[in-house]
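Student: Single-letter residue listing:
Protein chains: 2
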Amino acid sequence: MNALLFNAVHAPLEYTTVPDLKPEKGVVVVDLHAAALNHRDLYITQGQYAGIQAPCILGSDGAGEYQGKKVIINPSLDWGTNPNAQQKQFRVLGMPDNGTFATQIIIAKKQLHPMPEHLNWEQAAALPLAGLTAYRTLFTRCKLRKGEKVLISGIGGGVALMALQFAVAAGATVFVTSGTGEKIKQAEKLGAKGGVNYKEGGWDKDLKAMAGGFDVIIDSAAGDGFGQLAGLCNPGGRVGIYGGTLGKINNLSPQIIFWKQISILGSTMGTASNFKSMLQFVERHQIVPIVDRTFPLKLGNDALKHMEKGQQFGKIVLNCV
Amino acid sequence: MNALLFNAVHAPLEYTTVPDLKPEKGVVVVDLHAAALNHRDLYITQGQYAGIQAPCILGSDGAGEYQGKKVIINPSLDWGTNPNAQQKQFRVLGMPDNGTFATQIIIAKKQLHPMPEHLNWEQAAALPLAGLTAYRTLFTRCKLRKGEKVLISGIGGGVALMALQFAVAAGATVFVTSGTGEKIKQAEKLGAKGGVNYKEGGWDKDLKAMAGGFDVIIDSAAGDGFGQLAGLCNPGGRVGIYGGTLGKINNLSPQIIFWKQISILGSTMGTASNFKSMLQFVERHQIVPIVDRTFPLKLGNDALKHMEKGQQFGKIVLNCV
Numbered sequence: 001m002n003a004l005l006f007n008a009v010h011a012p013l014e015y016t017t018v019p020d021l022k023p024e025k026g027v028v029v030v031d032l033h034a035a036a037l038n039h040r041d042l043y044i045t046q047g048q049y050a051g052i053q054a055p056c057i058l059g060s061d062g063a064g065e066y067q068g069k070k071v072i073i074n075p076s077l078d079w080g081t082n083p084n085a086q087q088k089q090f091r092v093l094g095m096p097d098n099g100t101f102a103t104q105i106i107i108a109k110k111q112l113h114p115m116p117e118h119l120n121w122e123q124a125a126a127l128p129l130a131g132l133t134a135y136r137t138l139f140t141r142c143k144l145r146k147g148e149k150v151l152i153s154g155i156g157g158g159v160a161l162m163a164l165q166f167a168v169a170a171g172a173t174v175f176v177t178s179g180t181g182e183k184i185k186q187a188e189k190l191g192a193k194g195g196v197n198y199k200e201g202g203w204d205k206d207l208k209a210m211a212g213g214f215d216v217i218i219d220s221a222a223g224d225g226f227g228q229l230a231g232l233c234n235p236g237g238r239v240g241i242y243g244g245t246l247g248k249i250n251n252l253s254p255q256i257i258f259w260k261q262i263s264i265l266g267s268t269m270g271t272a273s274n275f276k277s278m279l280q281f282v283e284r285h286q287i288v289p290i291v292d293r294t295f296p297l298k299l300g301n302d303a304l305k306h307m308e309k310g311q312q313f314g315k316i317v318l319n320c321v
Numbered sequence: 001m002n003a004l005l006f007n008a009v010h011a012p013l014e015y016t017t018v019p020d021l022k023p024e025k026g027v028v029v030v031d032l033h034a035a036a037l038n039h040r041d042l043y044i045t046q047g048q049y050a051g052i053q054a055p056c057i058l059g060s061d062g063a064g065e066y067q068g069k070k071v072i073i074n075p076s077l078d079w080g081t082n083p084n085a086q087q088k089q090f091r092v093l094g095m096p097d098n099g100t101f102a103t104q105i106i107i108a109k110k111q112l113h114p115m116p117e118h119l120n121w122e123q124a125a126a127l128p129l130a131g132l133t134a135y136r137t138l139f140t141r142c143k144l145r146k147g148e149k150v151l152i153s154g155i156g157g158g159v160a161l162m163a164l165q166f167a168v169a170a171g172a173t174v175f176v177t178s179g180t181g182e183k184i185k186q187a188e189k190l191g192a193k194g195g196v197n198y199k200e201g202g203w204d205k206d207l208k209a210m211a212g213g214f215d216v217i218i219d220s221a222a223g224d225g226f227g228q229l230a231g232l233c234n235p236g237g238r239v240g241i242y243g244g245t246l247g248k249i250n251n252l253s254p255q256i257i258f259w260k261q262i263s264i265l266g267s268t269m270g271t272a273s274n275f276k277s278m279l280q281f282v283e284r285h286q287i288v289p290i291v292d293r294t295f296p297l298k299l300g301n302d303a304l305k306h307m308e309k310g311q312q313f314g315k316i317v318l319n320c321v
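Residue numbers (the numbering used here), protein chains in the order written: chain A, 1 to 321; chain B, 1 to 321.
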C-alpha cells in the first residue's frame, strides 16, 4: 500500500510504499478512496501538539470500501462510557494510531458506518471529524433549537462550515464572522443571513445592530475577543468552544456570565452515539460537506501548505486511489 | 412603621418612622420579624450598583407574619416565563421596590411561602436570597449529583455557606477555599472535607493533592485566579458562577475548556419554581442557615459596617421587632 509517512516534526511527509495491511483479531482493513485534512494534522507536522510520536501515518478522516461496501470512519477512538467527557485512553484517529493518509487503514470494525448515499468519496471523507465536532457542539452541548439565532466565528474552517450547514438545516437564523469579506459572501450562499469582518473595528457593535443578540455562539478562537462574543449573547445564551487558536481568554466579564445566565460549553469530538446521530442528521437533511480542493495522496505536503495559508473555504481532501 | 431609609449613596441609612402600610389590590402587608443583609445592600450604599434610586428601603431577605401565619419572602420579582433566564422587568426585592429593612413590607402575595417550621425568625430571614442563589447554581445549573466532588470558593459568605450545606446534604464531598484558616475550620464543622487558604501560593496544587479534581466548582470571585479553578475540574466538570468580586476573568485556557468538556455556567437568583424546590430541600434535610450576628433594625448601619469588614461567617441579620 501507499502512505504518507510522518517521520519527524518540521519535515515533509514521506510518500512511500509500505507492506499491505492484513486484518487481525478485532480489526479490519479498509481500502481508502479519500481522506481529509484537519488542523490537527498540520499542528502535528509543526510540533504543535501533545504526545507526538513518529513514524506514523497521519489523517483522521477517511471514506473507503470494506467487503464491497462504502464506509465512512468514525475518528473518535475509545471514548469510554461517560457521555459527558472522553476517558484517558481516548484518541483521535491518526497519531498514535496510523491514520487515513494512505491507501489502506486497519481499524476496529465498530468505527465503520455506512457512507451516506448522497455523498461522493471526497464529500464523505470531508465529513467525519468536522461533522462530529460541529454536531456535538451545536446540539449535544449548546442544545440548539429551531428558530434560535446563531453566530459562528471564523467561517471557512471545516467545523465552522459544518456548524453553519447544520444550524441552517435545523431551522436557526445564522450569522458568521470571518477575516475576509469573500468568505462571508460564500457563507451567505450556504444560508447565512449575514456576517461581519472581525478585522474591522466595532465588529461586535455591527453584529449587534444586524442581529440583536444570539442564543448560541460557536467559537474556536477564544483569545482577547472572547469577552465581546459573550457580550453578544441573549439572556440564557450558550457559547460552544471547540478550539482556541487565539490562545487564552482575557477580559471576560463575570457579570455578563451570571446576570445573563450564560453557559460557556467546551466540546471535543464526540461519542459513538453522537457520530450516529450526526450521520442520520446529514442524511435526513441531505447535507453535502464543502470541499475546498482535492489533492492526490502523493501531494499531501502541498495540501498541508494550502491549509497553512488559511485561504480555504471548506475541507482539503486527499484522493487516495 | 419603622424603616431604615436609603436616601443617598455614601450616606448612612436613616432610621425613621414612616406611615404604616395598607394592603392594596394584588399586594399584601407582612409584619416583618427579621431581615438579612446581602452584599447587594452594601454595594448600593457604596454607589456600586446599576440603576440606583433613592429614597428607598433596602433589604431582600425577610421573614414575618401575614394573617397570623409565619411566612418567608421570595425576593425574586417578575422573573418571567423563561426558566433559563430572567426577563427585563426582573428585579431583586429592595431597590427600586421597598425592601425588608423595616417593620412592615408591602408585597405580592405570591412571593410569600410558609416559613420552614424548624427555623427561628433569624434563621428564616437568612435563607431566601442566599438559599435561592445557591440552590439554582448547584442543582439547576450545575446539576450536582450524589457522590460528586465539589469545591466552593470564598467560604463564609451567605451563598457559599448555603452551597456548602446543600452540597453536603445532597451527598457530595465538599472542599472549600477561604482567605482565613479559621473559616476553613468552621466549614469543616459544617461537613466540608477540607480546604485551602487562597492567599497562600500553590493553593491550587494543594487542592489537587488533597482532592484530586472536582466535578462541580461554585465561585463568585472570577478574576485572574479563575483559570486555576477551571484547571481543577475533572473531565465533564461544571463551574457555577454567581458573582465576580475580583473582576474580569483573565488567563483562562480554552484548551482546558474544550478538551475537558467543561461547562462554565452563570447563575443569578432563581425562578419561583427554584424557590419552592429550595424550601422543600431545606425542610427535607432540616438545613439551618448560619447566622453570623444579629443587630437591631435601628443599628442597620453597624450591620453594614460589619459586612464591609468581611470577617463574617454566615448571614448578618436585622431584628425588626
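It should be emphasised that the hints constitute simulated quantities derived from the structure, not laboratory data.
Because the structure is a prediction, the values reported are computed rather than measured.
Possibly wrong hints are sitting among the right ones.
Note: identical chains are not told apart, hence a pair may lie in one copy or across any two.
Claimed, not checked - Under the rule of at most 27 Å between Cα atoms (straight-line distance), these lysine-lysine pairs were calculated in the DSS-like manner:
| # | residue 1 | residue 2 |
| --- | --- | --- |
| 1 | Lys25 | Lys143 |
| 2 | Lys185 | Lys298 |
| 3 | Lys70 | Lys189 |
| 4 | Lys88 | Lys205 |
| 5 | Lys298 | Lys88 |
| 6 | Lys189 | Lys208 |
| 7 | Lys208 | Lys22 |
Student: A separate judgement is required for each hint: does it hold in the structure or not?
Tutor: Consistency of the hints with the structure:
Proximity of lysine 25 to lysine 143 under the C-alpha cut-off of 27 Å is found in neither arrangement, the shortest distances being 39 Å within a copy and 42 Å between copies. Taking the shortest alpha-carbon separations for lysine 185 and lysine 298, neither the intra-copy value of 33 Å nor the inter-copy value of 66 Å comes in at or below 27 Å. In this assembly of identical chains, lysine 70 and lysine 189 lie within 27 Å of each other by CA distance neither inside one copy nor across copies; the values are 30 Å within and 63 Å between. Taking the shortest alpha-carbon separations for lysine 88 and lysine 205, only the inter-copy value of 21 Å comes in at or below 27 Å, while the best intra-copy value is 42 Å.
Within a single copy, lysine 298 and lysine 88 get their C-alpha atoms no closer than 34 Å, and across copies no closer than 59 Å, so neither meets the 27 Å cut-off. In this assembly of identical chains, lysine 189 and lysine 208 lie within 27 Å of each other by CA distance solely inside one copy; the values are 22 Å within and 50 Å between copies. Taking the shortest Cα distances, lysine 208 and lysine 22 never come within 27 Å of each other, neither inside one copy (57 Å) nor across copies (45 Å).
Of the numbered hints listed earlier, those contradicted by the structure are 1, 2, 3, 5 and 7.
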